[in-house]
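Letter by letter, the chains look like this.
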Amino acid sequence: MASDSTPMDTNNGPSSPDNSLSSPIPNTYSSPGRRRRRQSTTPSGTPQPNRSRFAASDATPTPSRHRARGGGIPSGRRVPATPTSTSEDIPMSSEGGDGYDMDDAGPTYVWGTNISVEDVNDAIQRFLKHFRERTSSQGDTDDLDLDVDGKYEKLIKQVIELEGESIDVDARDVFDHDPDLYNKMVRYPLEVLAIFDMVLMNMVTRMKPMFEKHVQTRIFNLKSSTSMRNLNPSDIERMVSMKGMIIRSSSIIPEIREAIFRCLVCGFCSDPVPVERGRIAEPTVCLREECQSRNSMTLVHNRCKFTDKQIVRLQETPDEIPEGGTPHTVSLLLHDKLVDTGKPGDRVEVTGIYRAMSVRVGPTQRTVKSLFKTYIDCLHIKKTSKSRMLVEDDMEVDNGQGRNAEEVIFDEEKVAQLKELSKQPDIYERLTKSLAPNIWELDDVKKGLLCQLFGGNALKLASGASFRGDINILLVGDPGTSKSQLLQYIHKLSPRGIYTSGRGSSAVGLTAYVAKDPETGETVLESGALVLSDRGICCIDEFDKMSDNARSMLHEVMEQQTVSIAKAGIIASLNARTSVLACANPSGSRYNPRLSVIDNIHLPPTLLSRFDLIYLMLDKADEQTDRRLAKHIVSLHFKDYENMEHDVLDLSTLTDYVSYARKHIHPQLSDEAADELITGYVKIRGRGKFTGSSKKVITATPRQIESLLRLSEALARIRFSEWVEKHDVVEAFRLLEVAMQQSAMDIRTGTIDMDLITTGVSSSERMRRESLIQDTRNLIMEKMQIGGRSMRLLEILEELKNQSPGSEIHLNDLRSAVATLASEGFLSMQGDSVKRT
Amino acid sequence: MVGPQYDLLANPLGAVRSTFDTAISSGSDPTSLNGHDWGAVDLFRHFLSDQSQLSQVPLLTPSTIRYVKPNTLVRYRGMIQDMLGNEFYVGVYKDGSVWRTNKFTDISQYPIPMDSSAETRIWERRLLYCVPVPGLNPWAAPSAEEVGNLSMDWASEQREKRRRGDDESSDMPVDGDEGEGSPNTKRMREGECPTLASQPQGAVPEIAGSSTSLMPGLNGNSSSCIVKIYDAPESELKLNDIFEFVGILTSDPELQEDNADSDLSNGFGEDPLHHFPPNKVPRLHCLMHRKLSVLDFLKNKPVIEPKPDLVKGIREALLRHLSAVLGNDDVAAHFMLLHLLSKVQARVDALAVGKFSVNFTCFSKETASVFGKQLNIAVKNLVPFTHCIPLTVEYLNTASLAPKKNYDTNRLETGVLQLAEDSHLIVDETQLDVGTLNSVGVENARLLKNLMELQKVEYDFKYYKMEMATDVQLLVLSEGKSNILPADVIVPIRPSATNSSEAVAAENLEAWRWYLASVRQLPHSFESETQKMVESDLVAAIQADRSLNTQDLSRLVTMGRLMCLSFGETTMSLEHWQMAKELERLRRERLK
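Those protein sequence lines, which keep their order, are chains A and B. Using full-length UniProt numbering, the letters of the first sequence correspond one by one to residues 1 to 837. Using full-length UniProt numbering, the letters of the second sequence correspond one by one to residues 1 to 592.
Everything labelled a hint here was simulated from the structure, so no lab data went into it. Take the hints with a grain of salt, since some may be wrong.
Covered stretches of chain B, going by a simulated chain A footprint (3 or more residues, C-beta under 8 Å) [said to hold, decoys possible]: (1) 46 to 59; (2) 80 to 89; (3) 310 to 320; (4) 383 to 397; (5) 407 to 416; (6) 553 to 561.
Here are the simulated lysine-lysine pairs, PhoX-like style, with alpha carbons at most 25 Å apart [claimed, not checked]: (7) A:K383 <-> B:K238; (8) A:K243 <-> A:K423; (9) B:K238 <-> A:K373.
Partner residues aside, some chain B positions facing chain A, computed with beta carbon under 8 Å [said to hold, decoys possible]: (10) L13; (11) I122; (12) L127; (13) Y230; (14) V348; (15) V539; (16) Q543; (17) F567; (18) S573.
The model shown is predicted, which means the values in this text are computed figures rather than measured ones. For each residue, glycine too, the CB sits at the ideal point set by N, CA and C.
Construct the entire structure; sequences and hints are all you get.
Shown next, in the form of structure tokens:
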């Protein structure tokens, strides 16, 4: 039933705030919004005569109406049709209803269609009674399950208990149950919804006969969502659903539904006078027989009934606007509970009925222009958040209920598209390419960042120990290697991304601080950047410029994922489940190849070990790279780019892809992968124990194995795979290695062999060199005395060649070997002459 | 289609209706038309495909508007400044037993019977708000003859006269060349200040006594126009595009009573149309539209192919002229030429490939006033749409550069940077003094920087910003290197003489305009041979100077391409690539 709760929660979200905001009208009274919908007609050829049959049942806000509706047998009662709202007064025929009579002989059809009212009625009843979540019962087992309440019966019971006013019906459920009903509902929403409401009220009254309130159906989650741009005349009077951003909302307009007049002369109060065609007929004569004074009736404001109405302007979200267009807008009409569900700036998904209204020439004139104003009569509003990655993802294990308020539901089409994408063999490469495509090269860094975006699985053991799933990355590199650009890009892409610069961040600014409210004097806890980026990525630029004090605050955040505060009487532990992406310059601004990696980064090892990946981004001079760059630039100018860039995913697809993976994919470690992980780890550990190694080497710690696990999980997620395979682990190891440029590191000294990076010499070559250095050392030990005579390089070369005739030794190789020895202080070199020191 | 039994120019609506009736009688189902054309547009398209017929259609300008009769065919040239969304209207309806259409009109000829709702069909049309192209130079504005014959006397003899007159008129803008220069600049500057800049689309000053207007209730001096588009795919008309619309001008006194009283507009009176009462802004029901390029703004278009030798001659002359304007600085003149030919050819990610903004430095306040003015005049004479922003602290702090959506009126309020494609913008930084920028100023500086670097302007939609791609040639004049506006190339200017430029012959100007407009449009390609060559040159450049970044290299290729274009070549030649490299070398020497 996990997914069952979703639609409920989603809807409670928006509707809950108005409980407090709801109108001051006693709640005995029910939705005029629905009524109005039904009443206002447009000349677009929608049913009319028949529409009026609902008028009686749901149009007139007389107290008796509820009962009438509830019983569903208001036969023969003739109630004047409530006309549309004051302003919607169209000179259209919405003549008084004949009263809805369910017991009418013979089938009744919705006007102009072959939809039988009875059929629809039955279909809805079947749906509400028998619909069950797929998970609980499959197809034919429906009948067996009858003793268990269906989804909507449960909901109805809930509504009755809570005395709610509406019930949210997932249109997809309707479709699953009865596609025909769904189609009718979308095509003829006015009629079908009226029947829906009626059936619902029947059920409600059957369950609780004394239930006073009127319960409305609110349809949401239509199968297809329309783009605001594509709304066209054929959508009029249909149910549509669209996404957009609220840009303006009017103040709440109280709209009179029933008026009560009192005679000034005798004090007689009239019966409630309903709104008729947007007008209230003020009685000119006192109705009391004894009085009958003229023009004495006056409106009693506080006994009239009003409903809330609000007009909201919805505008297209930027991602739907085609190039060179301006955003379209559409008006929404909200009633009752929906009023104030969205504030300007909110992104919402709206389900409603598209209506058109003819424009009158003058306020009093009945002539109508040939123009129409359009609006959407809202049935349901759901807040969404689109542009960023999903804010709420259930990476977290202590997943509380009711947190899914802002959940983005991917429609099937999108999911299918994403899945299709994930099946491509080169998806990993493609995603890498799509990440910050304007940043040249740096593929491995991008792969690491990609892993960070996808993240690993968080784990919480029964014992209470938790393992984070967030991957922390540190970029260290020479100035001008587009570190900041990468940071900015990730910041844009990630949910709740916070971008700070180390120089301007203090410890409290990052974590949380206690402040005194200037007005009340109360101490309040203000969240810092890390807390604010809970479940997001916190990007910290200029990490090295940060004060040590501020940095030390990060220790807790990066491993325990909480921020603990104990000050000014507040002791609190705040969640900060954030991935940290930091970038720093090497300690001497530029990377010094003579120093070890640790010395270059110059950050406390305690902190360093908390980063899963540390990238050294060195500016390498490489003709191959240069050539590729040149080719790239030239092709930019000559249209080749079209072929080059065609497989890059756009930002929104990338965001969707990442969100979907984070939400739905929870990979498990396969046995094979686990074995690989263990052997790999042991190998790294072994490396740290290399004989003669200095302590400057970053040795593998248990943290590393966690990192590897997270990386492998992230890699599996990238493929939408539920299993971490062996090759994921291999790639994770590779990423870890590449990050530290460990392939180029001299294990014995902990320094990076810059020649190796710049010239790209293979590792076997390195071995050869090492042996050359050793040979040279031995030779010099043998032949030269400390402070003795110097030797020329060529002489050494000759000697070496004599020692091992098979090998070819070049002068340059020797020169670098000697240089290495010189840096060790073993010898000194002046020009071509070597001297032992 | 039978020959038009209606005068298409004077009574286009009659033609629309008669084609509709024909279509209905020949069996078309009006209910399934769905707003699609039934042959009326074809009729007009056929009729107007003849250039001479097209020129018969009067052009709507502030000066002609009072002579134009309503419900006649007119032309309008302008830039799409805002899109007002779609409008639903009763497309066809049954009047008694006869089907009628409302397409191309605001009001129905016969009252729509509202009670039989089944007998109407709702169609939609798009509303565009168009303004005259911002920064249009007088020489590119339509001359009196071009505006069209308004006397409703369509004698062919008159047409002959008109054509001859057209040729003569070509020197008209040149007369004003020197003399008009300074007032022009002045006007331009004034035009830049925010209050006036926003004037053209909103408050058209009411002119009393415009009773001569033939349009009932339509005042003169309307320069903007609401164009109603039928049957055109959305992607065809984009914001800031320049179009020529041919359509039916309507005016409906009844519409003026359209007060905002309906339910939905009551909420916030946001219907943009209310801000454009029909007596101020005419409505044009568009039958045909055509996108205009710079070439369309040239007075008489020489129909010659850009032949290399011819182009070379023009190029030399233009270079001489530019060099004279820049005080005999040849290098600067070359850069100026390349700059004037630049155009965004492609966008790759955030990169706008092909842009070439230039920053002339080493101006002092004195020289700036001399050269700046000359340069401004020269540019004005060469390209049709120009702007000049005198950058001062006060200007930055007060100007509204970015267009901004006003949700109260539901209108996009224009900003200085809402420019049509191919506009030229001079930013004069020499007048910038020390001062404090407020938040507006900082934002404006950022906007200018974005425009410079990305060729994009952020339109402010309050809840979000929307980036609009632009293609504006940017020229910055400053004392030192401008840090606010990082141009693609910085060229220190070395004037050797301050001779005020001599008068330029009219035919030269014509030729230069044509040269700039047509050469810019040329396609350009690369042969693999030269491509390799260029690539290795780039690699060599990187190896020699590791501080070169992607932008520098990209710019070098742009220069090479523009250099070839300036000779009218469509493929990159090594010779001109070398020239570009040499030019870059000369520039770098100056920077040292």
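Exercise. Quick one, is the B:I122 hint okay against chain A at 8 Å, beta carbons?
Worked result: holds, 4 Å
Review point. Has the stretch 310 to 320 of chain B got at least three residues whose CB is nearer than 8 Å to a CB belonging to chain A?
Key: violated (count 0)
Exercise. For the stretch 407 to 416 of chain B, does the count of residues with a C-beta closer than 8 Å to a C-beta of chain A reach 3?
Worked result: holds (count 3)
Residue hint B:V539, partner chain A, criterion CB-CB below 8 Å | holds, 5 Å
Given a cut of 8 Å on the nearest C-beta pair, is the interface hint for B:L127 held or broken against chain A? This interface hint is violated because 11 Å lies over the 8 Å limit.
- [ ] Can you take a look at whether the stretch 46 to 59 of chain B is actually covered by chain A? Rule is 3+ residues, C-beta closer than 8 Å.
- [x] Violated, because only 0 residues of the stretch 46 to 59 of chain B bring their Cβ atoms closer than 8 Å to Cβ atoms of chain A.
How does the coverage statement for the stretch 80 to 89 of chain B fare against chain A, requiring three or more residues with Cβ below 8 Å from a Cβ of that chain? holds (count 7)
Practice task
Confirm or reject the coverage of the stretch 553 to 561 of chain B by chain A under the rule of 3 or more residues with a beta carbon closer than 8 Å to the chain's beta carbons.
Solution key: With 5 residues in contact (Cβ-Cβ under 8 Å with chain A), the coverage given for the stretch 553 to 561 of chain B holds.
| query | Does the CB of B:Q543 sit less than 8 Å away from some CB of chain A? | reply | holds, 7 Å
Margin query: Would the hint linking A:K243 and A:K423 be met if the CA-CA limit is 25 Å?
Written below: The given pair, whose Cα atoms are some 29 Å apart, is violated under the 25 Å limit.
Handout entry: Interface hint status, B:F567 versus chain A (Cβ within 8 Å)
Key = violated, 17 Å
message: Does the closest beta carbon of chain A sit nearer than 8 Å to the beta carbon of B:L13?
response: violated, 14 Å
Violated hints for the displayed structure, listed by number in ascending order: 1, 3, 4, 7, 8, 10, 12, 13, 17, 18.
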